[in-house]
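Asker: Chains A and B are the protein sequences, given in the same order.
Taking my numbering, the leading residue of the first sequence gets 1, the next gets one more, and so forth.
Taking my numbering, the leading residue of the second sequence gets 1, the next gets one more, and so forth.
Any given hint might turn out to be false.
[What the hints assert, rightly or not] Computed list of lysine to aspartate or glutamate pairs in DMTMM-like fashion (alpha-carbon distance at most 20 Å, straight line):
id : chain 1 : residue 1 : chain 2 : residue 2
1  : A       : K115      : B       : E336
2  : A       : K182      : B       : E390
3  : A       : K182      : A       : E121
Think of the hints as simulated: they come from the structure by calculation, not from any bench.
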Amino acid sequence: MSAAAQTRPARLRIVVVDDHHLFRAGVRAELADRCDVVGEAADPTQALAVIAARAPDVVLLDVHLPDGGGLAVLEGLPTLAWDGPAPAVLALSVSDAAADVVPVIRAGALGYVTKTIDTAELLAAIERVAAGDAYFSPRLAAFVLQAFSHPEPAQEREPGLDALTAREREVLHHLARGYAYKQIGARLGISARTVESHVSAVLRKLQLTSRHEVTHWAAARGLIAPDGPEAA
Amino acid sequence: MSVLDGLAPPPRGPIDRRQRATGLGGVAMLSGLALALSGGGSSAAAFVLAAAGALAAAALLVPAGLRALNRNRGLGLVVLLVALGGLWVIAGLRHASDMTDYLPVVRGGIPYPSEQSPFFQMATPGVAWPWRLGRISLLPLALAVLAAGGGLVLLADAVRLELGLAPLAPGQRAPWRLMTSRPESGNPVAWRMVPGVLLIGLAALLAIGLADRYAGGDSLLQAIALLGVGGWAAALIGSPIIVGYLMRIDRDKAGRAREEERQRFAAHLHDSVLQTLALVQRQAHDPAAVIRLARRQEHALRAWMAGEAELASETLAAALREIVAEVEDEYRMTIELTAIGDRPLDGKGEALVAAAREALRNTARHAPGAPVYVFCEIARDRAEVFVRDEGPGFDPDTVASERRGIRDAIIGRMAMTGGRATIESTPGEGTEVALVLGPGGGW
Numbered sequence: 001m002s003a004a005a006q007t008r009p010a011r012l013r014i015v016v017v018d019d020h021h022l023f024r025a026g027v028r029a030e031l032a033d034r035c036d037v038v039g040e041a042a043d044p045t046q047a048l049a050v051i052a053a054r055a056p057d058v059v060l061l062d063v064h065l066p067d068g069g070g071l072a073v074l075e076g077l078p079t080l081a082w083d084g085p086a087p088a089v090l091a092l093s094v095s096d097a098a099a100d101v102v103p104v105i106r107a108g109a110l111g112y113v114t115k116t117i118d119t120a121e122l123l124a125a126i127e128r129v130a131a132g133d134a135y136f137s138p139r140l141a142a143f144v145l146q147a148f149s150h151p152e153p154a155q156e157r158e159p160g161l162d163a164l165t166a167r168e169r170e171v172l173h174h175l176a177r178g179y180a181y182k183q184i185g186a187r188l189g190i191s192a193r194t195v196e197s198h199v200s201a202v203l204r205k206l207q208l209t210s211r212h213e214v215t216h217w218a219a220a221r222g223l224i225a226p227d228g229p230e231a232a
Numbered sequence: 001m002s003v004l005d006g007l008a009p010p011p012r013g014p015i016d017r018r019q020r021a022t023g024l025g026g027v028a029m030l031s032g033l034a035l036a037l038s039g040g041g042s043s044a045a046a047f048v049l050a051a052a053g054a055l056a057a058a059a060l061l062v063p064a065g066l067r068a069l070n071r072n073r074g075l076g077l078v079v080l081l082v083a084l085g086g087l088w089v090i091a092g093l094r095h096a097s098d099m100t101d102y103l104p105v106v107r108g109g110i111p112y113p114s115e116q117s118p119f120f121q122m123a124t125p126g127v128a129w130p131w132r133l134g135r136i137s138l139l140p141l142a143l144a145v146l147a148a149g150g151g152l153v154l155l156a157d158a159v160r161l162e163l164g165l166a167p168l169a170p171g172q173r174a175p176w177r178l179m180t181s182r183p184e185s186g187n188p189v190a191w192r193m194v195p196g197v198l199l200i201g202l203a204a205l206l207a208i209g210l211a212d213r214y215a216g217g218d219s220l221l222q223a224i225a226l227l228g229v230g231g232w233a234a235a236l237i238g239s240p241i242i243v244g245y246l247m248r249i250d251r252d253k254a255g256r257a258r259e260e261e262r263q264r265f266a267a268h269l270h271d272s273v274l275q276t277l278a279l280v281q282r283q284a285h286d287p288a289a290v291i292r293l294a295r296r297q298e299h300a301l302r303a304w305m306a307g308e309a310e311l312a313s314e315t316l317a318a319a320l321r322e323i324v325a326e327v328e329d330e331y332r333m334t335i336e337l338t339a340i341g342d343r344p345l346d347g348k349g350e351a352l353v354a355a356a357r358e359a360l361r362n363t364a365r366h367a368p369g370a371p372v373y374v375f376c377e378i379a380r381d382r383a384e385v386f387v388r389d390e391g392p393g394f395d396p397d398t399v400a401s402e403r404r405g406i407r408d409a410i411i412g413r414m415a416m417t418g419g420r421a422t423i424e425s426t427p428g429e430g431t432e433v434a435l436v437l438g439p440g441g442g443w
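Work out the full structure: start from the sequences and follow the hints.
Answerer: In C-alpha cells:
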C-alpha cells in the first residue's frame, strides 16, 4: 500500500453518493485504477456523515436521491467543518432536463456529467474538478447557456443572473458544440488557460448570483440584517 | 351491552378560551329561556339574556364552523341537512290550520308553560314579535330545531353504534365526534349522550307545544310532520354513513384511474424496455449490439417521458432526436445530442432536419468511430444545428466532386429554404457543419 502511495502519490480520494447500489459498484470498479473510493452513501444524511468522516477530494453526487436529492447534500456541505479544502462536487445524473441540472451547479457543484459517460471522460472530469476547475460537458454548457440568456418570450430567463460577456457566451457555445478547451482557444485566438478562466467565471456568476438571491431572500424576511450575515 | 361499559372517566384537558365562551353563551341562552318559560321577569330581560348568549356563542362558533367546513367538506352536508330539516318544518307548519283554538295543556305529566308566559306570547300569532314568518313565530321554532339538531348530533354516534351500523375499529373515533370535537379531547361517546338527551328533551317539549298550536286536530298534518322530523333525524344520524359512502365512491374512482394509468405504463414498458432487455440478454456476446440496443431504448424512453411519443415528430427538437437515433442505428455509432429550446415542425424545419441527417451520414461515412456532437439551439425565429465530429477532417477546397452529399443534400437544401450551411474542416482536427435558419436566413 505504502509503496503504491509512493509511486503514485496523487491518487484522488472519492466518495460516491448514489441510491443505486449497482451504480456505486460500477463506478468503484471503473475508478479503481486511478482513484480510491473511500466511501459510499445512498441518501443525503448518510452522504454528509460519510463526507465529514472521510474528507474526500471529490464527491460524485447523483442528482436524484431520496429525501431532498443532490441539492440537500450540496446545501449541507457548508455546515460541515473542514481541516483542509472542502471537497469538490461533480454531479452525475441520468437526467436530460436543464431544470434538474442547473440548480445543482448553482448550489455549488463544479461540474455535471451524464451517467452514460465513459471511464476516460469520467476520470478527466474528476481530475478537473479536483483541481478546483469547472467541468462543463457539452450538454451542461448548453443548459447553462440557456439559463443565462434565452431572449425568448416563451422561455423565462432564470432570475437574478448577471449577463454573460460576449466572450463567455462564445466559449460556452463552443463547449456545447463539443470543442475541447485547447480547440476553443485556437479558434478564438486565446490560450486554453484563458478559456478555462472564462468557464470558471461563468460558474462563479451562476453560483454567486444564487448565493446573493438566498441572502436577499433571508434579509427580506428578517432572518438576517440586510447588510450583514447575522442580525445584530 | 352498554356503551358505558369499561369507559374510563374522561381525562380533564385544559379548557380553551373558545370552549369557555361557548359554555357561557349556552348558559346565558338557557337562563334566558328559563326566564321566559317560567313566566317570571320581563320578557325583554329574557330576550336580552338569550340574545347575548347567542351572540357570544355565534361570534366564536361561526368562524370556527367556517374553518371546520373549509377543512372538512363533509360538514357541508351536515349543515345542509340541518337547514333542510328547519325549512321542512317551517314549510309544513305554514300550511297548518288556524290556531285560534289552541290551548296550552299539561300532557302526559309534562309540565308545560302557561299561556301567560312570555314564551307563548312570542309564539302566539297576532302578538307583535319581530321574528315571524307568516303566521309562524320563528323563535320557538328555531329553538326547537336547533335543540333537536344539536341533540341528534351528540347522540348520533351512540345510536349508530347501538344499531350496529358502521361499527368502529378499535381506537377509531366516531365520525360525528371527529367533526364536532377537538382531536385531542378525550370525551368518550357515551358522555356526549347526556347533553344530547337533554337537548332532545327540550326540543320535544317545545315541539309538543308548537304542534298543538299549529297542527292541532289535523291528524294528517301531524303524521306528515312526524314523518318529516323522523326522516330528518335518521338522515342526521346516518349522515356519516352517507358521507363515507360518497367518499368511498370518490376513492374508488381515483383508484381506478390510477390502475388504468399503471396498466398503460406497464403496457408501454412491456413493449419497449422489457423487449430491449430480452434482446440484450440474447445478444450479450456482442457488446456493440448491446450498446446500440441500450442507446435506442434510452432515446425512446426519454422521448416517451417528454411526451413526444404521442406527438410523433411534431416539433423540431423531436424530429432531430428521431433522425439522430435513426443514424445511430443505421451506422452503429454513438451521437451526443443536446437541444435547447423547441418550436413546431414546419416545412423549413423539415428541410433543416433533412440537412442535419445528411451531415450526420457524411460524418458516419468519413469519420467512423470518432466522437460526434450535435448541438441544436432553437428560438422562436431562429434555429441552428451544429454537427461536429472529431474525425480526420478534410480540406473543403479540394473535396472530390463525388461527395455530392455535401453540395446538394446539405448546402443546396438549406439554400432552397432560405437558410444557409457552412462547413468547416481542418485535416486532422475534425469537421463541423453549421446549419442556420433564422432572421435573414429562412423564417
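Asker: Could you run down the list of hints and mark each one as holding or not?
Answerer: Each hint tested on the structure:
1. In summary, the hint linking A:K115 to B:E336 is supported, as the alpha carbons are separated by about 13 Å, within the 20 Å threshold.
2. The hinted pair formed by A:K182 and B:E390 meets the criterion: a straight-line CA distance of about 13 Å does not exceed 20 Å.
3. Under the criterion of a C-alpha separation no larger than 20 Å, the hint pairing A:K182 with A:E121 is consistent with the structure, at around 16 Å.
Going through the hint list in order, the structure satisfies each hint without exception.
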